[in-house]
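Chains as they are written, first to last, in my numbering: chain A, 31 to 166; chain B, 31 to 166; chain C, 31 to 166.
Because the hints were derived from the structure by calculation, they are not lab data.
All clues stand as given, with none of them false.
Any copy, or any two copies together, can satisfy a pair, since identical chains are not distinguished.
In silico BS3-like pairs for lysine-lysine, Cα to Cα no more than 30 Å straight-line:
1) K92 x K52
2) K52 x K159
3) K121 x K52
4) K157 x K97
5) K159 x K121
6) K52 x K97
7) K121 x K92
8) K157 x K121
9) K92 x K159
10) K159 x K137
11) K157 x K137
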Amino acid sequence: MVTQATFELAPYQRGYHLITDKVMAQLPSLPEHGLLNLFIQHTSAALTINENADPSVRTDLKTFVDKLIPDNDPHFTHTIEGPDDMSAHIKSSLFGPSLTIPIIQHKLALGTWQGIFLCEFRNGGLKRKIVATIFH
Amino acid sequence: MVTQATFELAPYQRGYHLITDKVMAQLPSLPEHGLLNLFIQHTSAALTINENADPSVRTDLKTFVDKLIPDNDPHFTHTIEGPDDMSAHIKSSLFGPSLTIPIIQHKLALGTWQGIFLCEFRNGGLKRKIVATIFH
Amino acid sequence: MVTQATFELAPYQRGYHLITDKVMAQLPSLPEHGLLNLFIQHTSAALTINENADPSVRTDLKTFVDKLIPDNDPHFTHTIEGPDDMSAHIKSSLFGPSLTIPIIQHKLALGTWQGIFLCEFRNGGLKRKIVATIFH
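Let's have the full structure, built from the sequences with the hints guiding it.
As structure tokens, then:
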């Protein structure tokens, strides 16, 4: 059986944001066993899983990845949408647009330190649409 | 219910290629709600989602990622299959071999700007096998 | 239908390890057609698919990725758990915590050269928990 929910996140500033609770609030009751797929309908943002405790992990992710894949690389030709657009596209493919998370005993089977992150790669805050699909 | 289709893509040159239509042509009718999983059976190519409009996104992805993960790195020891083989293996793990995309109202629930890309990391054109699995 | 199994891998040293057989040994009989999702419940390790033959691929992956995303980057502020912790978090998001692999004729539909890898990003050996979910 399949259950789906589509929802929109209010704009977040550029960076990595813990959204586990915001996602859970949008989902129907979870089945006893199954899988949750989350899919973000954008090419300049992504979803990932990382440490849910110390906020310095989110800060360091931003600092490091912005250095690894800088805005305004001199080789970029796709520049019409701004210096942060092509870097955002590259990051979105490396982080990926979707997560598939097991459901056990009506709960997401995340590890103790795992949280769901929205990766917002654009400078301007944008609403982001996510499709949640639950299989059981 | 599960429906599967296995198909082969004709060789593409090294780079990033928009294949949404080619993939759709290989699939049976999509169910009202569900998920499509695409899985590429190779370790020197990948599947990703990125912007389906301006081809400069594909060009810049190639230029940037080839610079980030260069062929012929002096530390590579896995060199027997050519200077582009080990770089291809690294890229294939970072982009990933599979995509899971929701299906809503008999259509892939891709965002307006999202398309399915084949990432071909080898210089020599190779046929690439993909397994499509539809769940509903 | 959903079948789940949760299991623990004994500690591996930092690096990339072929675990296809160890994973298969933990799974029940596979259905005729379906999908296997593997999900690692950690933020300093990952799962990926790469070449199952020449061990030099695993060595080169380690050498290259450790250079790309070095321990002890001078900009890291999340340092309390050691110089390899923040680099491990970044790698875990880029490689990703899960794999979704098709099942055809009661077998994983991996390509000839594909194997399942555990990516262990921490120096200290840690047990790693994986949730396997089979859909058919």
